[in-house]
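Visitor: Sequence:
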Amino acid sequence: MTTVTSPVAGRSIGLAAVPDPVFSGAMVGPGTAVDPVREPSVAVAPVDGIIVSLHPHAFVVVDDEGHGVLTHLGIDTVQFNGEGFELLVSKGDTVRRGDPVVRWDPAQVEAAGKSPVCPVVALEATAESLSDISDSGDVAAGALLFSWT
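Going by the working numbering, the first residue of the sequence shown is number 1, and it counts up by one from there.
Fair warning: there could be bad hints in the mix.
Said to hold, decoys possible - Here are the simulated lysine to any residue pairs, SDA-like style, with alpha carbons at most 20 Å apart:
1) 114 - 91
2) 114 - 63
3) 91 - 55
4) 91 - 53
Just so you know, the hints here were simulated from the structure itself, not pulled from any lab data. Keep in mind it's a predicted model, so treat the numbers as computed, not measured.
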């Protein structure tokens, strides 16, 4: 089983509340989302594994079981072309849960007119394979978001 933890501190809101139909409809995969605190912060790895995809606004970590977890920092933040995001790792790096991956500022994202909400998605998973999904309440970076079997 893979335990997926929050890459950011904030309030867990569930995927259905994400202001993007691709995420809210779970088209990318099942999971949850976190509305982050509005202060400069560092998004951390939600699982132990290898960074297989890395963009300033999003990253995927694949664990030893082959489970890929997507962390997307904000909605439509690809439009920033990396501005306001600082990569702290490289594609191919091995990370441990809680390791820093991207430095960013959710308040800047919001001030630029975008949602800073962070979907955390189990790629190529079924909704039935997830349990203990956090979809409400405050979460710290590193707190349980869901379990994946």
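Visitor: If a hint holds in the structure, say so; if it doesn't, say that too.
Guide: Hints, verified against the model:
1. With a CA separation close to 26 Å, the supplied pair residue 114 and residue 91 exceeds the 20 Å bound.
2. A distance of roughly 30 Å separates the Cα atoms of residue 114 and residue 63; the hinted pair therefore is violated under the 20 Å criterion.
3. Between residue 91 and residue 55 the CA atoms are separated by roughly 9 Å; this keeps the pair inside 20 Å, and the hint holds.
4. A hinted pair counts as satisfied when its Cα atoms are at most 20 Å apart, and residue 91 with residue 53 qualifies at roughly 6 Å.
Of the numbered hints given earlier, the model fails hints 1, 2; all others are met.
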